[in-house]
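Trainee: Residue numbers (our numbering), protein chains in the order written: chain U, 1 to 197; chain A, 1 to 227; chain Y, 1 to 579.
No lab work stands behind these hints, which were simulated from the structure alone.
Take the hints with a grain of salt, since some may be wrong.
To be verified - When the alpha-carbon atoms are kept at most 20 Å apart in a straight line, the in silico SDA-like pairs for lysine to any residue are as follows:
(1) Y:K196 to A:V95
(2) U:K45 to Y:D389
(3) U:K45 to Y:H65
(4) Y:K559 to Y:E136
(5) Y:K196 to A:P181
(6) Y:K500 to U:L7
(7) Y:K394 to U:N77
(8) U:K15 to Y:W536
(9) U:K45 to Y:E397
(10) U:K15 to Y:D351
(11) Y:K500 to U:L59
(12) U:K167 to U:M189
(13) Y:K160 to U:C87
(14) Y:K382 to U:L7
(15) Y:K88 to Y:D351
(16) Y:K248 to Y:E136
(17) U:K167 to U:G37
(18) U:K174 to U:K190
(19) Y:K178 to A:P196
(20) U:K45 to Y:Y30
(21) Y:K178 to A:R34
(22) U:K45 to Y:W536
(23) Y:K382 to U:Q155
(24) Y:K295 to Y:N530
(25) Y:K532 to Y:E136
(26) U:K45 to Y:R485
(27) Y:K532 to Y:H65
(28) Y:K160 to Y:F503
(29) Y:K191 to A:F65
(30) U:K45 to Y:V236
(31) Y:K295 to Y:W536
(32) Y:K160 to U:K30
(33) Y:K500 to U:G37
(34) Y:K552 to Y:E154
(35) U:K15 to Y:E198
(36) A:K160 to U:R156
(37) A:K160 to U:E108
(38) Y:K191 to A:E200
(39) Y:K382 to U:V113
(40) Y:K196 to A:P196
Quick caveat, the model's predicted, so the values are computed rather than measured.
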Amino acid sequence: MNGLWILRGLGVTLKHFIETYIEDFRQGKKRYFTAQGIEQRRSSKTRGIFTVQYPEEKLPVPEEFRYLPFLVYEEVNGQRKLRCTACGICAKVCPPQCIWIVRSTDPETGRPVPAPSEFYIDVDVCMNCGFCAEYCPFDAIKMDHDYEIASFDRQREHVFDLQKISKPVTYYAKIRPGNYAEEQRARMMKEAAKTIA
Amino acid sequence: MDENELNLRPNQIPEELKGSIAVTTLDRIYNWSRRNSIWPMMFGLACCAIEMIATAASRYDFSRFGMEVMRASPRQADVMIVSGTVTKKMIPQIVRLYNQMAEPKYVIAMGACASGGGPFKEGYNVVPGIDRFIPVDVYIPGCPPTPQALLNGLITLQKKIDSESLKSVRWYQKGKIEPIPIPVLGPDLIDPRQSPLIKELCQSQISNVSPAGTPENLEAHHDNQLD
Amino acid sequence: MTTSWIETQLTEYLLERFGEAVQPDSRPGYLGFLVARNKLLEVCRSLRDEFGFDYLSSVTGVDYHPEPFMEVVYHFYKSTGGSALVMKTQAPRDNPTVPSLCSLYPGADFQEREAWDLLGIRFEGHPDLRRILMWEGFAGHPLRKDWREPFFEEDAKPFKSRWPEGHFIRVEDNNPYKNNVSYPPDFDPGKWVPDKDELLYGGLQSFEEDSEIKTERIVVNLGPQHPSTHGVFRMVVLLEGERVVDLKPVMGYLHRNHEKIGERNTYLQNMPFTDRLDYICSMSNNFGYALAVEKLMGIQPPERAEYIRVMMAELTRFLNHMFSIGFLLNDLGAFFTPSLYAIEERELILDIFEEVAGSRMMCNYFRFGGVARDVPEQVLDKIKTLVHDRLPRKLDEFERYLTHNEILRSRCEGVGVLTPEQAIALSVAGPVLRASGVPYDVRRADPYSIYERLEFDVAYGIHGDIYDRYLVRIEEMRQSLRILRQVLKDIPNGPVMAGKPQFQVRVPPGEAYGRVEGPKGELGFYVVSNGKPNPWRYHVRAPSFINLTSLKTMAHGAKVADLVAILGSIDIVLGEVDR
Ligand code: SF4
Ligand code: SF4
Ligand code: SF4
């Protein structure tokens, strides 16, 4: 019969419509605004309404998620110590060449010191590729999870300087616990190997 | 510093609105109605446009913010989301579309490309930022900004609208709002506002430099640009 | 290269018949033959008619500055399968002219125009040799090695200004105009007359004059900002009433100079740029590029990496086809519901990409000799539930929704027909080619990675219309799921990277053409290395771009409303068309 398949097709949309209410009924309050509810809605069992109601509820980002890079520092005796040694590998590997590093020099001898005195990332050029974090030999630069960074003025806000991109190692451990643990383990192994040798 | 507070930013106020007139109740009502009915233009340029579609689609659904429908016509749109790489070949059309939009109109530069050129900035056909030609209200970094980042940008735009006042908004000021001159495709992109400068610099190049085309000349030309 | 019997025979035959005019390319790392310019057409005709190399896959130029010549490189295939035949012809650099192959292979049309636009190689006998990506009047041919853009810094990355004295400066601040522009020395903007597209409009012509009703002809511009064109694409259409009489696609509105930037980047730095070619299927782009460079380097990824690669490529195919058929109804004028359903499934797959690669769209996941990181167990489980449960279920639902829908069928059946002969001649690839009844799929015709071991069927259509393209895509999704099930069952444990991850790879001199069956068709990367850290030539054979050659043929005689659907059925992505 002509038009039968149109009706069947409309049945599909009707089913989608009804499923939302069935799910609402089945899961009750915990369907919205709870971590569990969001997890359920993004799993492959999801039915009915699919919307994540940002900003009230946010879709959690996975550990490997990358947005912009940041530099990791450790607190030693209340002093911030950047892990970065200004080796320049990230600046070399960066595809659009948006990392600018000035290596510190010792004011007396004039010799280079393994620390950056200036470090810029032009976020209007950065392509969030993650190469800098992937190839940094000192685990000093990492990809951030923070994406809520809309601004009114790019001339002032969009060149991240040392001040803006330095974040503590605790923050790193929090957003990327798996990577952090892995690195710690590798570091311990190295230390252990050193003491044995 | 507590890492939970690390990414919190103080409430930003747009530069041009700093120290402006206090917002009255009437303004509030006016702003409230406007902020909840911003219709974006259906206008995609590149990769970021796909994320914009994803934001409009079921998972993120920006109709929840009153951006009910995307309009294909600039006459019916309130906000232009410049989503993607702005090329020289495309910029005349973009400026024309902007001129055709009715006030009040806003522009969001979505992604690195629209804000400042992005990864393709060094290319010969890329405009380093849409704000060379049209005024931008909100910039969203990222390549591409995820749908949630775009929503954050839209909320930032709403905040900006909230801080506007009837007395100072440009569309109630006296006088005509001049359209932006439309760029011309010449041997390279020509911004009509720069025509005198272009003429002057090109003339001075002739007098400074002997026959064109040799590599030394290119170097000289390059050096000229540096100072 | 292993030379089979037929190829040896071919070599002997060519050398014997054309003597001096055909020489094997003896440069180290190079393949194929060098053909004298004046004999090119003759050689190609004999290849096509006598040896069955009827499919011209890619045409591109290489500038060997400071050597005094330019080279045009052709890759021919047989539409029945097999490996490539590479032909090259050289022309002096100061006036490069080469005979056009358009008369033999109409599919060369856009590619020759691109070579003219970017390299300034003139193709004699080309019917419509205009610029294609840049605009008429643009100064210079940007891919020439001695042409420099306004923001030029150095010939190769990494730039020295970044480290150790990297005092930040915006590159536009170095430019007197504070913009990405430079002008020839004697330029006067007051006297400039911009191109009025006269060549473009003048080139429009009617095919025939047989219609009985004579109506006035009008020229209509669709795009570049038009909701139907899937991005910044423009079609200039000559209409007679509602009927399309002639059509010319205009592109370049998203030309981002991928190749010029690619020649400055190091090999690895190109990887994230390939993501942005066809930004819906970044994994497939990664795959093609990795294959090309691995071919040059002569390395092989470990087993597990191969499985992961195929897994990601097939997931990408699924989500691309889902996206494209989801938007089919939009193109037919009914808005949004199916595309919303399609995007829902896409989001679920993107979640997986995000978890594995770190980004939803710009995956940047492949490395030379493997992949960036392993797929964790819990993600594999997620993929399993998707592949075994969710995606097939949703695909069925989708089919129930659309496949037999009477309106859809009456709008799509018999519209935009492309015959198999036309499809091959026009170098069309992917689902469009297969829907025309040519069962050509690179995964089967010239297998790469582990596709040889996998069981799947090549879907193909009969009628070559929009509806068949839709069906082919549906069937390909089913086959992708079939491949995914096998891959998930057999995926071995082990490393995912051959050797240590390096950011500077050593690539021996030579050339390589790596191709994969991307969701949109044959995606090829032609890379020429001269042993330096960055490629000398880097060219992308973009399926969307070349498939557009067939738009005119398909649209001829169609109604305006159908034109939109025809364009949608080719499934183009502008990032790849314009690069
Ligand atoms: S961030 Fe890492 S790679 Fe970059 S300069 Fe510092 S130590 Fe070197
Ligand atoms: S993420 Fe990529 S583009 Fe951005 S700074 Fe790091 S290497 Fe450069
Ligand atoms: S910012 Fe990145 S994702 Fe967006 S258009 Fe530019 S290259 Fe594409």
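Trainee: Verify the proposed pairing of K196 of chain Y with P196 of chain A, using a straight-line Cα cut of 20 Å.
Mentor: With Cα atoms ~23 Å apart, K196 of chain Y and P196 of chain A exceed 20 Å; violated.
Trainee: Verify the proposed pairing of K167 of chain U with G37 of chain U, using a straight-line Cα cut of 20 Å.
Mentor: It is violated: about 31 Å lies between the C-alpha atoms, which goes past 20 Å.
Trainee: Just to be careful, I want the Cα atoms of K178 of chain Y and P196 of chain A compared with a cutoff of 20 Å; is the pair within it?
Mentor: holds (14 Å)
Trainee: Next pair to validate is K160 of chain A with R156 of chain U; report whether the Cα-Cα distance is within 20 Å.
Mentor: Within the cut-off at roughly 18 Å; holds.
Trainee: Just to be careful, I want the Cα atoms of K45 of chain U and R485 of chain Y compared with a cutoff of 20 Å; is the pair within it?
Mentor: holds (19 Å)
Trainee: Given the hinted pair K15 of chain U and W536 of chain Y, is their Cα-Cα distance within 20 Å?
Mentor: Given that 20 Å is the threshold and the Cα spacing comes to 56 Å, the pair is violated.
Trainee: Do the alpha carbons of K382 of chain Y and V113 of chain U lie within 20 Å of each other, as the hint requires?
Mentor: violated (48 Å)
Trainee: Within 20 Å, alpha carbon to alpha carbon, are K160 of chain Y and C87 of chain U?
Mentor: holds (14 Å)
Trainee: Tell me if the straight-line CA distance from K174 of chain U to K190 of chain U falls inside 20 Å.
Mentor: The hint is violated at about 23 Å.
Trainee: Please work out if K500 of chain Y and L59 of chain U have their alpha carbons no farther apart than 20 Å.
Mentor: Violated - the C-alpha atoms of L59 of chain U and K500 of chain Y are around 35 Å apart, more than 20 Å.
Trainee: Take a quick look at whether K295 of chain Y and N530 of chain Y sit within 20 Å of each other, Cα to Cα.
Mentor: Holds - the C-alpha atoms of N530 of chain Y and K295 of chain Y are around 15 Å apart, at most 20 Å.
Trainee: Hey, K178 of chain Y versus R34 of chain A, does the alpha-carbon distance stay inside 20 Å?
Mentor: violated (35 Å)
Going through the hint list in order, the structure does not satisfy hints 3, 4, 6, 7, 8, 10, 11, 12, 14, 15, 17, 18, 20, 21, 22, 23, 25, 29, 30, 32, 33, 34, 35, 37, 39 and 40.
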